[in-house]
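There are 2 protein chains.
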Amino acid sequence: MTSNLEALKKHLGKIMDLKAANNLLSWDQQVNLPPESGEARAEQLSTLTSMAHSLFVSDETGELLEKAAPEVADLPYESDDAALVRVTRREYERQRRIPEELVAEKARAAATGFGAWVKAREASDFGQFQPHLEHILDLTIEYAEALGYEDQRYDALLDLYEPDMKTARVAEIFGELKEGLVPLVQKIEERGAAVDDSVLQKTYPDQDQWDFGLEILRDIGFDFDHGRQDRAAHPFTVGFAPEDVRITTRIYPDQLQSGLFGTIHEGGHALYEQGIRSEIGRTPLFDGVSYGVHESQSRLWENVVARSFEFWKHYFPALQERFPDQLEGVDLTTFHRAINKVEPSLIRVEADEVTYNLHIFVRFEIEQKLIAEEMEVADLPGVWNEKMNEYLGIVPDDDANGVLQDVHWSHGYFGYFPSYALGNLLSVQFYNQALKDLPNLPQQIENGGFDDLLHWLREEIHSHGKKFTPTELVERVTGGPMSAEPFLQYVREKYGAIYQL
Amino acid sequence: MTSNLEALKKHLGKIMDLKAANNLLSWDQQVNLPPESGEARAEQLSTLTSMAHSLFVSDETGELLEKAAPEVADLPYESDDAALVRVTRREYERQRRIPEELVAEKARAAATGFGAWVKAREASDFGQFQPHLEHILDLTIEYAEALGYEDQRYDALLDLYEPDMKTARVAEIFGELKEGLVPLVQKIEERGAAVDDSVLQKTYPDQDQWDFGLEILRDIGFDFDHGRQDRAAHPFTVGFAPEDVRITTRIYPDQLQSGLFGTIHEGGHALYEQGIRSEIGRTPLFDGVSYGVHESQSRLWENVVARSFEFWKHYFPALQERFPDQLEGVDLTTFHRAINKVEPSLIRVEADEVTYNLHIFVRFEIEQKLIAEEMEVADLPGVWNEKMNEYLGIVPDDDANGVLQDVHWSHGYFGYFPSYALGNLLSVQFYNQALKDLPNLPQQIENGGFDDLLHWLREEIHSHGKKFTPTELVERVTGGPMSAEPFLQYVREKYGAIYQL
Numbered sequence: 002m003t004s005n006l007e008a009l010k011k012h013l014g015k016i017m018d019l020k021a022a023n024n025l026l027s028w029d030q031q032v033n034l035p036p037e038s039g040e041a042r043a044e045q046l047s048t049l050t051s052m053a054h055s056l057f058v059s060d061e062t063g064e065l066l067e068k069a070a071p072e073v074a075d076l077p078y079e080s081d082d083a084a085l086v087r088v089t090r091r092e093y094e095r096q097r098r099i100p101e102e103l104v105a106e107k108a109r110a111a112a113t114g115f116g117a118w119v120k121a122r123e124a125s126d127f128g129q130f131q132p133h134l135e136h137i138l139d140l141t142i143e144y145a146e147a148l149g150y151e152d153q154r155y156d157a158l159l160d161l162y163e164p165d166m167k168t169a170r171v172a173e174i175f176g177e178l179k180e181g182l183v184p185l186v187q188k189i190e191e192r193g194a195a196v197d198d199s200v201l202q203k204t205y206p207d208q209d210q211w212d213f214g215l216e217i218l219r220d221i222g223f224d225f226d227h228g229r230q231d232r233a234a235h236p237f238t239v240g241f242a243p244e245d246v247r248i249t250t251r252i253y254p255d256q257l258q259s260g261l262f263g264t265i266h267e268g269g270h271a272l273y274e275q276g277i278r279s280e281i282g283r284t285p286l287f288d289g290v291s292y293g294v295h296e297s298q299s300r301l302w303e304n305v306v307a308r309s310f311e312f313w314k315h316y317f318p319a320l321q322e323r324f325p326d327q328l329e330g331v332d333l334t335t336f337h338r339a340i341n342k343v344e345p346s347l348i349r350v351e352a353d354e355v356t357y358n359l360h361i362f363v364r365f366e367i368e369q370k371l372i373a374e375e376m377e378v379a380d381l382p383g384v385w386n387e388k389m390n391e392y393l394g395i396v397p398d399d400d401a402n403g404v405l406q407d408v409h410w411s412h413g414y415f416g417y418f419p420s421y422a423l424g425n426l427l428s429v430q431f432y433n434q435a436l437k438d439l440p441n442l443p444q445q446i447e448n449g450g451f452d453d454l455l456h457w458l459r460e461e462i463h464s465h466g467k468k469f470t471p472t473e474l475v476e477r478v479t480g481g482p483m484s485a486e487p488f489l490q491y492v493r494e495k496y497g498a499i500y501q502l
Numbered sequence: 002m003t004s005n006l007e008a009l010k011k012h013l014g015k016i017m018d019l020k021a022a023n024n025l026l027s028w029d030q031q032v033n034l035p036p037e038s039g040e041a042r043a044e045q046l047s048t049l050t051s052m053a054h055s056l057f058v059s060d061e062t063g064e065l066l067e068k069a070a071p072e073v074a075d076l077p078y079e080s081d082d083a084a085l086v087r088v089t090r091r092e093y094e095r096q097r098r099i100p101e102e103l104v105a106e107k108a109r110a111a112a113t114g115f116g117a118w119v120k121a122r123e124a125s126d127f128g129q130f131q132p133h134l135e136h137i138l139d140l141t142i143e144y145a146e147a148l149g150y151e152d153q154r155y156d157a158l159l160d161l162y163e164p165d166m167k168t169a170r171v172a173e174i175f176g177e178l179k180e181g182l183v184p185l186v187q188k189i190e191e192r193g194a195a196v197d198d199s200v201l202q203k204t205y206p207d208q209d210q211w212d213f214g215l216e217i218l219r220d221i222g223f224d225f226d227h228g229r230q231d232r233a234a235h236p237f238t239v240g241f242a243p244e245d246v247r248i249t250t251r252i253y254p255d256q257l258q259s260g261l262f263g264t265i266h267e268g269g270h271a272l273y274e275q276g277i278r279s280e281i282g283r284t285p286l287f288d289g290v291s292y293g294v295h296e297s298q299s300r301l302w303e304n305v306v307a308r309s310f311e312f313w314k315h316y317f318p319a320l321q322e323r324f325p326d327q328l329e330g331v332d333l334t335t336f337h338r339a340i341n342k343v344e345p346s347l348i349r350v351e352a353d354e355v356t357y358n359l360h361i362f363v364r365f366e367i368e369q370k371l372i373a374e375e376m377e378v379a380d381l382p383g384v385w386n387e388k389m390n391e392y393l394g395i396v397p398d399d400d401a402n403g404v405l406q407d408v409h410w411s412h413g414y415f416g417y418f419p420s421y422a423l424g425n426l427l428s429v430q431f432y433n434q435a436l437k438d439l440p441n442l443p444q445q446i447e448n449g450g451f452d453d454l455l456h457w458l459r460e461e462i463h464s465h466g467k468k469f470t471p472t473e474l475v476e477r478v479t480g481g482p483m484s485a486e487p488f489l490q491y492v493r494e495k496y497g498a499i500y501q502l
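Sequences listed follow chains A and B, in order. To convert a position in the first sequence, counted from 1, into the numbering used here, add 1. To convert a position in the second sequence, counted from 1, into the numbering used here, add 1.
Okay, chain A solo, but in the shape it has when bound (with noise of 0.2 Å):
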């Protein structure tokens, strides 16, 4: 006889089925779609995203929770059927509590609110943009109220990137963060001119810079019987499996360093999804913890390893060797500066490590104000820039490149843009704790080793996929909380050495 839980993990089976093959819509869409395909694959998108919605918040599904709980009420809280019915059971809860009329038409809003917004940046005209965003803003909220929260409306939708995670807490933890960054960025500030990146700026050949990029994947650990990389014009990952994960990169000849460390980056998200078991591979625990959780893989490769001295100590002499025009006479120093230069600028996706999590204030901040209806979607432009102004010190000539610059709120992605930051202060606080275990982790990436790092990420962090809170992880993981202090001290350290502060 099949058990309830066997009935159970079939039911979820099918759900992940049709959610990886909706995903496979959305990346062949992104990576191979022909120009004027986009509507009738507009409706294939539709159809799978509400069918696996429909079959997830089903009375079915409930009610095989229902009937398997009782089968996993004496196992331990972290074997893998505990937390397939515990973390299924919170998303279901979560997911019940939505009206389907709301769904679909929070669905709908976003596919025109997405189109006008590439429209809208386009012209850089915020005003077409506005009734749209309005309306995408309206229905958020009806959203969060929905899903219901105890201390204040955001909360609902930070939960839905960052179980458990209150916005009182991410206000705490920006708020040190922020006591720590201002000021270190004024001091780089004052010594600008100590950092030069024009050699990232000579022409390097795409097909040079794909080969390059496919080298570090390889050793850093991208499996690549398990996944493929492709270009698109706005670089993702995407995990049909753990068996197959697929990263995108673009590369742009003129800057070396936006598809060398995106490239990475992405492979950083990779790993994490190729490391989650294959016993868990096909049930709702295919997943990252969190979207800061996730960020953190991503970000601890490309920035605290692939942006450290001793990875170039490994890897320049073999990038020197690919482009030798390019790089004749810099030396290791030189480049290991103008890969870590910073400099505040308008753009978030291209900004440095340190003034990356100040574009994190200004959204998160204008985010609260429109959530909790204290600020008008008309005001937006001018709020923007007025934050800007505060945290980076410079204004956008245009709303292109200021206001509408993410696709985010497009998509009626309120509460997102705090794992940005988050995934930076836990990229440190994982890789210290790595560092702890093995101590002698630098001298292995002096060698071009990743192993026992990639070992020991797989151990702590990966394997487990969404089986854990955030909460519950970085306590695991680190024996203490999410906190500002461990990356404040790391870019205090790094980039007093790089500017000589």
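Since the hints were made in silico from the structure, they are not lab data. Check before you lean on any hint, since a few could be wrong.
If chains are identical, the list can't say which one is meant, so a pair holds when it fits in one copy or spans any two.
[To be verified] List time: in silico DSS-like cross-link candidates among lysine-lysine, alpha-carbon distance up to 27 Å:
| hint | residue 1 | residue 2 |
| --- | --- | --- |
| 1 | Lys11 | Lys107 |
| 2 | Lys342 | Lys10 |
| 3 | Lys342 | Lys314 |
| 4 | Lys342 | Lys188 |
| 5 | Lys107 | Lys10 |
| 6 | Lys107 | Lys179 |
Starting from the known structure of chain A, arrange chain B on it as the hints suggest.
The following block gives chain B in isolation, referenced to the frame of chain A:
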């Protein structure tokens, strides 16, 4: 108020979206899949196939068809809506006859059988495949019984690929064809030395072949805004919507004809699906009339057009320009003969257009006996070799080049092979009709002009999708029934000239 017809269309639209997603999973499996992702993909394919099937054979579909029927009762036979209800109901009633359990078991047996076939072929050992094939055959017979038939069991299977076609009628057509072909092949063989195709076996670099193929695809009307070409080990065409039809090709640097005519062949299939009107693109009418009619489109372009003298009068100078060393001193007549060399060979997919049909006779006769249980699977290799000797005068050295060469039976596709030969016959019948309506066609082709021919095919065949039965379509287009005579006349004339018979 929404009409019942609208409700039916919405329901079928969802099923079409599921099928499109399933087709994408399959396309991606053959084009992109990382080496060790096969199992996860098989699960996803199985889930989506069975969901699309369940939804289609659900009572809901039956009720919606029932309710929509009165709304189309007074519409003309060829109206989109009348055809939608008629064709969908036919398919619904057929699929409802198959028990769900049999559908699932056949899918499992095919999945396992395919794996076993791959290994058996690698080992060239029919014995490894035999028990799988026996199981697949049993299930296929059960399937045919469930479908039902009037005269013979094989009819039920044939009908899956050629609606309304009967085994007796195929045997009659093939009889005529055989009577004409066998003496023709003998005469050609006697003059075998007249054609030398060694020019095709020089080294033709992959990228140049690919680029030349793209040029022809564009010229004949393949729309790259509504489709794309990729690489695959076994070339195929798949359409997700008329706006997204994809072909694949395989290029061998030492065999010019393989990639070149393979590309045009798939291009012909794709032109059919790109030409189906958008209005019926998200309904069950988005499909070819039959496998034979689909094949007629690929063969028309591959053979009747692209192996004609006129075609190469236009393209040979461009080909020479692209491959100056390989084609130095080769004249048009030599090249045209080389690509039309007739020679009995072991492998169906590599056969010329004359001997190709003989390969089909071998399979058609064997399949009938297997399905009628007049022959044991264990006797297959022996019977195969006998029939090869009878029709082609050659016998394979091993199973890999004999009875194990085709994938079809491993999937349970019994009844499929006749469509290949019927496609050859129809390609000539359709082209002859086009020539009647557009007497200028050969001159146009000589000038690289394909617009009128494509337009004619669109009007007469492509645009209708699956609206008619093959019998209806052939009658509408040519004014008469399917027949072997036009094909025989075509090969007698063409090869009479080439081989100076």
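Hints that the structure is at odds with (numbers, increasing): Those not satisfied are hints 2, 6.
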